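Participant: Chains as they are written, first to last, in the numbering used here: chain A, 1 to 300; chain B, 301 to 564.
Warning: the hint list may mix true and false statements.
Residues from chain A that keep clear of chain B, each with C-beta distances beyond 12 Å, as calculated [as the list claims (entries may be wrong)]: (1) M38; (2) F43; (3) L83; (4) I98; (5) T139; (6) A257; (7) F269.
Derived CB-CB ranges, DEER-like [as the list claims (entries may be wrong)]: (8) B:L310 to A:V76: 27 to 37 Å; (9) A:A144 to B:L358: 46 to 56 Å; (10) A:L83 to B:D304: 33 to 43 Å; (11) B:S370 to A:L83: 24 to 34 Å.
One side of the interface only, derived from the structure: several residues of chain A facing chain B at Cβ under 7 Å [to be verified]: (12) A72; (13) V148; (14) L151; (15) G152; (16) A156; (17) R159; (18) L163; (19) D169; (20) R179; (21) S253; (22) R254; (23) A256.
In short, the hints are calculated from the structure, not lab data. The structure presented is a predicted model; accordingly, all values stated were derived computationally and were not measured. Beta carbons are placed, not taken as given, at the ideal position from N, Cα and C, and that holds for glycine.
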Amino acid sequence: MHWVFESGFFSSHPVHVAIVVGSIVSVVSAVVGVFTVMRGQSFAGHSLADVSTAGGSGAVLFNVNPLFGFVAGGVVGAGAMELVGVHRARGRDLATGIVLGASIGLAALFLYLGATRSSTTGASQQILFGSIFEIDGSTVAIVAVFGVICLGIMAAVQRPLLLSSVSIDMAAARGVPVRVVGLLYMLALALAVGLSSLAIGAILSTALLIGPAAVALRLTKRIGWAIVAACLTGVGATVLGVLLAYDSYDWNSRHAAWPVSFFIVIIIFLAYLVTELPFVHAATTRRRDVEPVMFPGVDR
Amino acid sequence: MSVDGISVSLSGRQILDSVSFGVRAGEFTGLIGSNGAGKTTLLRVILGLQRPSAGRVLVLGAPRTHRNTSIGYVPQKVLLDPDMPLRARDLVALGIDGHRFGFPVPSKQRREAIDAMLHAVDAESFADSRVGTLSGGEQQRVLIAHALIGRPQLLVLDEPLANLDLKSGQEIVSLLDRIADEQQVAVLLSAHEMNPLLPVIDRIVYLAGGRAASGTTDEVVRDEVLSALYGHEVHVHTLHGRILVVAGPTEESGLASDGALGTI
C-alpha cells in the first residue's frame with residue numbers, strides 16, 4: 001500500500017479530522033444502531049434523518065453550524081414521535097409519510113434559498129451527502145461532546161431499554177419508567193442521526209446507524225459482542241472509506257475525488273453481503289431443528 | 301393479594317364490573333373466561349399497568365405500589381425476533397436487575413442464581429440459544445424463569461397456553477404446579493379453556509359479562525352460578541372428567557348442538 005504513504009495520507013490534516021470525527025460518529029451510531037435494529041425501529045431512525053435534513057439545511061441558511069441544525073431537527077422529531085408513540089406513528093403510514101415529505105420539502109426550500117443568497121454552492125452536497133473532509137476544529141469538540149452524551153445515555157438505559165424491547169408490559173410491570181426510558185433512547189437516536197448526518201450526510205445517515213448493527217446481529221448472539229462487532233464494522237468502514245476517498249483523487253487524470261460517503265456506505269453494504277454467506281451466518285443459527293417463532297400475531 | 305371491587309371502563313364500554321377475589325400464598329388460581337371477557341384487563345389492573353375506574357388491589361393487605369417486585373409477570377404476547385442477540389440466560393438475568401440503570405455487576409452469586417433458575421424450569425439445554433429461535437413452550441419456560449428469579453410472591457401469567465400445542469401446554473401446567481410448590485409462590489393464570497388446568501388449580505375465578513365468580517371449581521362451575529354470571533341459562537356438563545359449559549335450554553339426553561357458548 002505504498003501509494004497511501006506517497007500521497008501523504010497520514011500527514012494530511014483534513015484526513016486526521018475525518019478519521020477522528022468518523023470514528024466517534026461510527027461508534028455512537030453502532031451502539032445506538034444495535035438497539036434500533038433490535039427494537040425494529042429502523043423506520044424511526046430513517047424518519048429522524050429526514051427531519052434532521054430540514055434542521056441541517058435550515059442551519060446553513062441562517063449561518064449556524066449545520067451540526068446544531070441536524071441535532072435540533074432530530075431532537076424535535078424524536079420528541080414528537082415519542083409523544084405520538086413510535087409504534088403508533090409507524091402504524092399511521094399516511095400521516096407519517098406526509099410529515100416526512102414536508103420535512104424534505106422544507107429542506108429543499110432552505111437549500112434553494114441558501115444557494116441563491118450566498119455563493120457557497122456546496123451546501124446541498126454537504127447537507128445531503130456529508131462533509132467529513134470539511135469539518136473545522138471547533139466542530140470536532142462539539143462532535144465529541146454530543147458523542148459522550150449519547151454514549152452516556154445508552155450506558156445508563158441499556159438494561160431497562162433491553163427489557164422494554166423484549167416486552168413493554170413486562171418492563172412496566174417491573175417498575176421501569178418506560179416513557180422516560182423511551183424518551184432517553186429517542187434522544188440518543190436523534191444525537192446519533194445528527195452526528196451521522198454531519199459525517200456522511202443526512203440522506204445516508206441511516207446507513208451508518210443500521211448497517212453495522214445489522215452486520216453485527218448476524219455474527220453473534222450476545223448483545224455485548226454485537227455492540228463491539230458493530231463498532232468495529234462502523235469504524236472499519238469509515239476509516240477505509242476515508243482512505244479510499246482520499247486515494248481516489250489520483251484515480252483519474254482530472255483529479256476528481258469520489259465522495260467518501262459512497263465508499264463508507266458501499267463497504268457496509270459489502271460487509272452485510274458477506275454475513276449473508278451461508279457459512280458465516282450459520283455460526284449464530286445452530287438450532288436449525290427448531291422452527292423460529294417469527295412474529296406470531298401481526299402486530300408489528 | 302386481593303382484588304376489591306375492580307371496575308374498568310374503556311372508551312365508554314364497561315369491561316369489568318366490581319370484580320372481587322383473593323389469591324392466597326402457595327395457591328394455584330385459574331382465571332377463566334372466553335376471549336374478550338376482560339381477563340387481560342383484570343391482570344393489567346393487578347399489575348398496575350391499567351388504572352381501574354373503581355376498586356383497588358391489595359398486596360399483603362396494603363394497596364399495591366408502583367414498583368412492585370412481589371409480582372412476577374409473563375405477558376401473553378412476547379414477540380421475540382430470532383435475530384435479537386439475547387440468549388435465554390440473558391433474559392433470565394434481566395429478571396434480576398433489568399429495571400436498573402447502568403451496568404450490571406457480574407458475580408458468582410448472580411451466575412449461580414441464573415443457573416439454578418434455568419435448572420428449575422428445565423431450560424438448561426437451551427440456556428445459550430437466542431430466545432427468538434426457541435419453540436413456544438421453551439420461550440414460555442424462559443419467561444417463567446425471568447418472572448420468578450426476582451423471588452415474587454405472586455406469579456401472573458396471561459394465557460400462557462394460548463399458542464402452545466397440547467403436549468407443551470401440559471408440560472407448562474405441570475411445571476407451574478411443581479414450581480408453585482418448590483418456590484412457595486402463588487400462581488394466577490388466565491386461560492379460555494379450563495380443562496387442562498383442572499388437575500392443578502386450587503381455585504377458579506370465572507369471568508363472564510364483566511363480572512366474576514370465584515371459589516373452588518365445584519363451587520363455581522355450576523349451572524346456577526354460571527347462569528347468574530352470564531345472565532341467561534347455561535348448563536355445565538361433565539364428560540370423561542372434562543367440563544363443558546353450554547348455553548341452555550338443553551334436552552336431557554345430550555349436549556346442545558346449537559347455541560353453544562364454547563367449550564370452556
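Participant: Next step is simple, just say for each hint if it's right about the structure.
Facilitator: Results for each hint:
no. : hint                         : verdict
1   : M38                          : violated, 5 Å
2   : F43                          : holds, 15 Å
3   : L83                          : holds, 20 Å
4   : I98                          : holds, 26 Å
5   : T139                         : holds, 30 Å
6   : A257                         : holds, 37 Å
7   : F269                         : holds, 18 Å
8   : B:L310 to A:V76: 27 to 37 Å  : holds, 32 Å
9   : A:A144 to B:L358: 46 to 56 Å : holds, 52 Å
10  : A:L83 to B:D304: 33 to 43 Å  : holds, 35 Å
11  : B:S370 to A:L83: 24 to 34 Å  : holds, 33 Å
12  : A72                          : violated, 26 Å
13  : V148                         : violated, 16 Å
14  : L151                         : violated, 12 Å
15  : G152                         : violated, 10 Å
16  : A156                         : holds, 5 Å
17  : R159                         : holds, 5 Å
18  : L163                         : holds, 4 Å
19  : D169                         : holds, 5 Å
20  : R179                         : violated, 13 Å
21  : S253                         : violated, 46 Å
22  : R254                         : violated, 44 Å
23  : A256                         : violated, 40 Å
In the structure shown, a violation is registered for the earlier hints numbered 1, 12, 13, 14, 15, 20, 21, 22 and 23, in ascending order.
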